[in-house]
Amino acid sequence: MAYSEKVIDHYNNPRNIGTLNKDEKNVGTGLVGAPECGDVMRLQIQVNEENGIIEDAKFKTFGCGSAIASSSLATEWLKGKTVEEAMAIDNMDIVEELALPPVKIHCSVLAEDAIKTAINDYRTKQGLEEIK
Amino acid sequence: MPIYLDNNATTPMDPRVLEAMLPYFNDKFGNAASRNHAFGWNAEEAVDYAREQVAKLINASPKEIIFTSGATESNNLALKGIFEMYARKGNHIITVNTEHKAVLDSCKHIEKLGGKVTYLEPAVDGLINLEDLEKAITPETIVISVMYGNNEIGVLQPIEEISAIARKHGILFHSDATQAVGKVPVDVQAQNIDLMSFTAHKMYGPKGVGALYVRRKNPRVKVTAQVDGGGHERGMRSGTLNVPGIVGFGKACELCMNEMEEEAKRLSKMRDRLEAELLKVEESYVNGSVEHRLPHVTNISFKHVEGEGLMMGIKDLAVSSGSACTSASLEPSYVLKNLGLDDDLAHSSLRFGLGRFTIDEEIDYAIDHVSKAVNKLRDMSPLWEMFKEGIDLKTVEWQEH
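Going down the list, the protein sequences come from chains V and U.
According to my numbering, the first sequence holds residues 1 to 132 in order.
According to my numbering, the second sequence holds residues 1 to 401 in order.
Don't take each hint at face value.
Examples of chain U residues toward chain V, derived with CB under 8 Å [what the hints assert, rightly or not]:
| # | residue |
| --- | --- |
| 1 | Glu308 |
| 2 | Asn375 |
| 3 | Asp379 |
| 4 | Met380 |
| 5 | Phe387 |
| 6 | Glu389 |
Computed from the model, here is a short list of chain V residues facing chain U with C-beta under 7 Å [as the list claims (entries may be wrong)]:
| # | residue |
| --- | --- |
| 7 | Ile17 |
| 8 | Lys22 |
| 9 | Lys25 |
| 10 | Val32 |
| 11 | Ala34 |
| 12 | Pro35 |
| 13 | Gly38 |
| 14 | Val40 |
| 15 | Phe62 |
| 16 | Gly63 |
| 17 | Gly65 |
| 18 | Ile68 |
| 19 | Trp77 |
| 20 | Glu84 |
Derived Cβ-Cβ restraints for the label pairs, each shown as a range [as the list claims (entries may be wrong)]:
| # | chain 1 | residue 1 | chain 2 | residue 2 | range |
| --- | --- | --- | --- | --- | --- |
| 21 | U | Ser327 | V | Thr124 | 32 to 40 Å |
| 22 | U | His369 | V | Glu55 | 18 to 26 Å |
| 23 | U | Leu18 | V | Glu96 | 43 to 51 Å |
| 24 | U | Glu111 | V | Thr124 | 34 to 42 Å |
| 25 | V | Asn21 | U | Ser327 | 32 to 40 Å |
Rather than coming from a laboratory, the hints here were simulated on the basis of the structure.
Each residue gets a CB set at the ideal place from its N, CA and C atoms; glycine is no exception.
Please construct the entire structure, taking both the sequences and the accompanying hints into account.
Laid out in structure tokens, this is it:
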């Protein structure tokens, strides 16, 4: 199975690797997956509390090239979006952008999960209700 | 092309093997069963000679070699063939849950036909417990099947002790020796092996040809053919013989017989160096016994880094991994799992299989690039970060999906 160029690019030049302070009120953290499954993604967003825009996003991933690329791409897309816009990111957008084969679609699903979990973590901290 | 360190998967053909095979494609192309003309006689002669070369490598008689399409077929023939042939004696098979799928799936098939199978569980080093083996024997047991050397971790089972137990109870002993023949000295007489599977493409021969050794004396063993049609190979495996393949197989065996000792010394030195250097990487672990092991294999887990991702980072090295992401079924290696390893170690494993054409410079390259790739991936790994912070990952509540 040959990787798409975009997956290889994200792997060689991952965007936004790093860690935000999870204790900050304007940081949302999404830790999804499990070591036993071979896939763990941690996605974090830093939100401007006044205008609800995601100012920064960071990720770290334990997983294959497609998982790394999916989460790296997610952080790219998140920056500059509002929290509402970010909720609308669908895993199939990731599949299309990275040309993921069927056997790797679950990596994009996990990335979408990570985004939503991070957003809901932020919302909970802000005293807001979680969005399903 | 990348540097090839995946010789457990397959091996490149030795140029001398290729040379030996060529005449049999379109010059001496006869069917070895054509008894009435020179084309057939030439082919038959070549097969006879190859049969001797193959037999010599394992100290068998040429009459005890049945040519097949490979070790998978040999395993099928051995297990299903014994099950059918010895049905009146019993219907119980003892094997190990870390065997190759060719053995395990044949056993599953036999269970569907009403046979009973006991799957022994090895210890974490991969070795079976001889007491467990003996305890599992019943009056209905007709064969014990234990692989000689494991394809994933390289562990060598105590073959003499196992065959002694089999002999003691009058039970046949079959060994899938695909990874061992040609790499370590195998002697079916001295080691009391009754049936043995092996194949050409793991020992620098062509793909598509293998053999099942079937003992003829003390005891005389027979297997019911699984492929019918003409009665070739003493009625145990019909089908026109793959003459060029068999010629290549014979030559490959001869080369191994002559070069195996030196090669094993050279390869184990390189393997030990590769392993020692890679174990200098923090949180790296060898999987399987290091004392009882094939000379050219090492299987190492690098904690908190996933195998397929790691292989992407060493794209100029061809190796394999026990990670779920690398399997079509998205299941992690069942061999590593059955050793009792946590799944996350299976996902982080790399298997290196050195070979005849591996050179020191390639080992240097592997050491350098694997270490660098592990470090790069750890910088990207949330698990590594958590581990470094002192968090016990076993206590974390993971949000699986």
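> Which numbered hints does this structure break?
Replying inline: Per hint list: 2, 5, 6, 8, 9, 19, 20, 22 and 24 violated.
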